[in-house]
Structures are given as structure tokens and as C-alpha cells.
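Just so you know, the protein sequences line up as chains W and A, in that order. All residue numbers in the first sequence are consecutive under our numbering, ending with 313. All residue numbers in the second sequence are consecutive under our numbering, ending with 313.
Warning: the hint list may mix true and false statements.
A partial selection of chain A residues facing chain W, derived with a Cβ cut-off under 10 Å [what the hints assert, rightly or not]: (1) R215; (2) L217; (3) E296.
Simulated from the structure, these hints should not be mistaken for lab results. Ideal Cβ placement from N, Cα and C applies to all residues, glycine included.
Number of protein chains: 2
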Amino acid sequence: MKNTITICECFARDGLQHEKLFVPTGAKVSLIDRFTDIGFRRIEATSYSNPDKVPAFRDASDVLSGIRRGAGVHYKATCANLRSVTRALADLDAGYGATELSLLVSASESHSLRNLRADRATQWRNVAEMAKAAAGRFRLVGVISVAFGCPFEGRIDMTRVVEDAARFADIGAELLTVGDTTGFATPNLVRRLFTRLRAEVPQIVPVGHFHDTRGLGLANCMAAIESGCRLLDSAMGGVGGHPAQIQYGGGITGNVATEDLANMLEEEGLSTGLDLDALIEASRVSEQILGRELESRVARSGFGLAGLGRHV
Amino acid sequence: MKNTITICECFARDGLQHEKLFVPTGAKVSLIDRFTDIGFRRIEATSYSNPDKVPAFRDASDVLSGIRRGAGVHYKATCANLRSVTRALADLDAGYGATELSLLVSASESHSLRNLRADRATQWRNVAEMAKAAAGRFRLVGVISVAFGCPFEGRIDMTRVVEDAARFADIGAELLTVGDTTGFATPNLVRRLFTRLRAEVPQIVPVGHFHDTRGLGLANCMAAIESGCRLLDSAMGGVGGHPAQIQYGGGITGNVATEDLANMLEEEGLSTGLDLDALIEASRVSEQILGRELESRVARSGFGLAGLGRHV
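Please construct the entire structure, taking both the sequences and the accompanying hints into account.
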């Protein structure tokens, strides 16, 4: 049996978060349905952000009520505060909830203040309340942003990240997304952190979430896999960005491109469970939705030897 | 003492080979001088191609006579046939020769016929003659193209590549460039091949030459380093391409971007010996020369934690 890697497709949330264009609800729903059909087992569907602050997700409930559900597929929604968990619970009660919620903390104080408008101690209290409210209703995903480096503070003490992972486990998170929000991770840093997490917090399942800010996205995914990680995040076309990075100096900050990640995994003899032909079609549709050529290399060059013949 | 990686800067040859624009000789010379000042120990300067077929390098001798020479720095010229070695010898006799010549073979028959217009057996006879003519006058670099996969034939038998490496050693090549010409290498393939080369052909020094066709350029560089490789090729802005790939289906086929490679290495605690501030300036100049934004991510996003504060 081939070693299976579970990719969470993040286009519809992390990918769209900072797009200027509002993607119509119908387009989001049909794209997420396409992701389900391709074989993704985890799909980041939307965010219960404040619609006044993040209008991209003002249709969160409509998206979740509109999508088809694949058997055993998790649909994730991002929650930044208790109010968003309340909305998630209301949607669940109405019959169309997310199945996973992600709860966010930042590894640095500066990023926490800017991104979550709360210091770390306050945000940890928020997150504990959110987890309590959501307990038993959703699979919970703890997210640690800027886990490998902060654009404001530089290096992050790895022990702090490991301690945050343990806190997430303590409040009931089953998964832990280790977020390289602005692309400071390197393969050796990734190996060290994922090896420590496995040894010191074995009760939580780590997810590698890398941005390709400096071209290291796939190298970091590979390093995570070599350290036992089996869940990775990526977004079609490598879309996505982060305001902290934009404040700091601009640059390409997108997620790892799903097309390129799937190609690498299949080439390496790992199984993604994805329909690669349908993936290429979704890549085209994603570019049509945003009206521009996106960042995936495989979308331009075609798959490698394992998928030879599949050319966009 | 930090582990040192020697980057060969390939912008002026592999980078420019398929550019439509002819870069004026003066711009090439001043860019190569800039590369020397940045601290590169190996610079691919030009190609003794047939000027009628590859007009980009019709000024090969003028470039080599125009550049300043750094102490201990190697300036490489590409040779496809005996005629080009004759030209290289004439320039050397005139006092402005290259110090390294690269001699090319392809790992597949189809690519050899299309790219070198000779089958492998014929090209090996050519290369042996070329090496004989050049012996004692230049450092010789054997180059094996499409070493990890061929756009026409698919997978390449790794044993053939190892045998080619031994043949290059036999005819006097000190270095061996393992070329992933159209981006089919993956980290595990790279580890396997470089480990075999080290064990089976220890008399030749391997050089990793990766193209970022499918986003795996840096991951493959890292895999080569982990397998003991200490020399890598890259090009400013990730420029470069390959007609075979273009015939086969287009796509982004550029070299690994030097800016991104240097960032990764410095971040990983390896030494490049390069002046990173001057590297950023050269990145800007390279974009000005070609009149467009190139493919380096670091050129957009700035260096990571080791070089924090250096932002383009």
C-alpha cells in the first residue's frame, strides 16, 4: 500500500483572503464541489471572519449551505474569535455546518497584536473559550501562525511552538497546523520542529502549512514528510498572501501550489488520492475565476514522469 | 568553519541561450564583472556555439576578452563540438581564454539527436576528441543532459548516467554537471544518483544543475547537498529554458534562481561566499537587461531570517 499524504485544499479561504475581487458565492460552491470530486479529504471552505473586515467571506454560511458533501470529507472554517464559533454552531444546528474549525494563535506577540488584535495571553484565553464552545461538535484544528519566523520579530523560539502545540492538545485540538505564514521556514528548521512535535506532543496530528515566499515551499513539504508529517496544506495556483508580509516589504507570499505539491508527491511514489486530470481542470478553472495566470509551475509545464502525458 | 557551497552563475550562458533579445556585449561583460565582484568562484560566461545557429553568443570571444578576471575564479564556456574547442584554444592562445570548458552529452538518444544532432555513440566520439584537443589547457566539465528524465523518452536508466560519469572521468573531466534539463528530477531521485556517483565514480566532482520546471529546483539542490554535492548551478532571476521542453509542451523551464538558492543556503547555515547586498543589486540589473520581472521569489520578497533587512 502506498504511503498516503492528505492535502487540504485552501484556495477557497487562505487563497482568497486577500484577493481584491469578491468571488461570487456560486463560483466558490462549484469550485469546492470540484475539489470534493477530485478526491480531497480536507477542504478549507470559508472563514467566519467579521464580514465588515473581511468581505471576501461575507457569504460563509451560504457557501457552507451550498456545497455538496463528500463521504468522509472534512470542510474547514476558520475562526478568529468566540463570535465566529457561535456562527459556526448556528450553521451546524441549521444542518450545513463546517466539520472542522481552525483556531488561531500567533507564535509572536507582534504578529498576534497585528493579526488577531490581541496579545498572546489574551488570544490563548479566547481560544480556550472557543474550544470549549465547539467541543464535541467539530474536529478542532489548532493553528500556530509565524511558527518558523516572524516578519516583525525574526526568529521564533521553537520551544514556544512546541508548548503551544501541547496547549492546543490540552484544549481538545486533534490537528495542529504549523503555519509558515510569511515563508521563513527552511528544510532543516522544518525537520527539527516536526521531529520535536512528534516526540514531545504525540497526541496531536501535525499539518504542514507552508508559503512559497522564498521558493522553499516544496522543499519544506518534503522535509515535513521526511519527519513523519502526513498532512499538508496548499492552494490551487499557489494563491494566498498575508498582510503582515505586505506591510513588511511586499513580495510573493502565496501558499504552496496544489498542482506542484501533488506532482511532487506522486513523483516520489506517495499517494495523494487525487484525480490528476481533474486537478488540472480545476487549475484552469481557478485561473479563470481570478482572471489571471497563477503561480503553479506544473500548470504551465505539465506533470513529471509519473503523470507524463497530462499537460495543461 | 562553515560548509561552503560553490555556486556557478549561469545567467550569461544557460540563462541567455534562448532569449529572443540579443544582450549587447558591453552589458554581458559588465554583468560578468559584477558576478566576479559578488564573489562567485565559477561563472558560465559564454558558449562557442555556431553563431549562425545561436546568435546570442556570436560575441563569445569579445565577451571573454572584455571581462576582468578574479583571482581563482573560473570562467566557463560551453562547447558542443571540436570546432568550438578550436575556437576556445585560439582565444586562450590570444590571452583571453575561458578557464573551463563544458563538453555535452545527452542521457537519451532522442535528446542527443535533437539537441546535439548526433546519436550518443557519435557524440561520445566527438567528446573524446574534444577532450583530447583541450587536455592540459582547460579544466574540463562533463555535462550529462536530461540525466533525470527525457521529455521524449521518459525515465532514464540511472546506470547509464553513472557509466557516462565514469567515461567523462576517463577522458579527463574533473567536474561532472548532472543536468536536469527539463525538470524531471525529484529529491529522492537526486539522492539516489548523487549517492551512487559518490560511491562508484569518486574520481569526478559532481555539480547539481537543476531547472525549476515543476517547482522542485530548490528541493533538488537540497537533496544534492545532503548527498555530499558541494557545487551547484543557478542563474540570476531563474532565467533559461530549453527547446526540447518548448517543443514538448512549453512551460517554465528556467534554472534555479541564484537569489533563491543563495538565500536557502545562507538560511541553512551553509556559506556561499557571496556578498548578498551586491547579489540583490545584480538581480535588479539582470531584470533591467532583459526588460522584465524574472522568476526569483527572493527578488520580490527579500531574504529570510539570516539576511533579514536586505529587501529588494
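### Interface hint status, E296(A) versus chain W (Cβ within 10 Å)
E296(A) check passes; min Cβ-Cβ to chain W is 9 Å, inside 10 Å.
### Message
Next item in the hint list is R215(A). Is there a CB on chain W closer than 10 Å to its CB?
### Response
Since chain W brings a Cβ to about 5 Å from R215(A), closer than 10 Å, the hint holds.
### Message
Holds or violated: the hint that L217(A) contacts chain W, with Cβ atoms closer than 10 Å.
### Response
holds, 6 Å
Of the hints listed earlier, there is not a single one the structure fails to meet.
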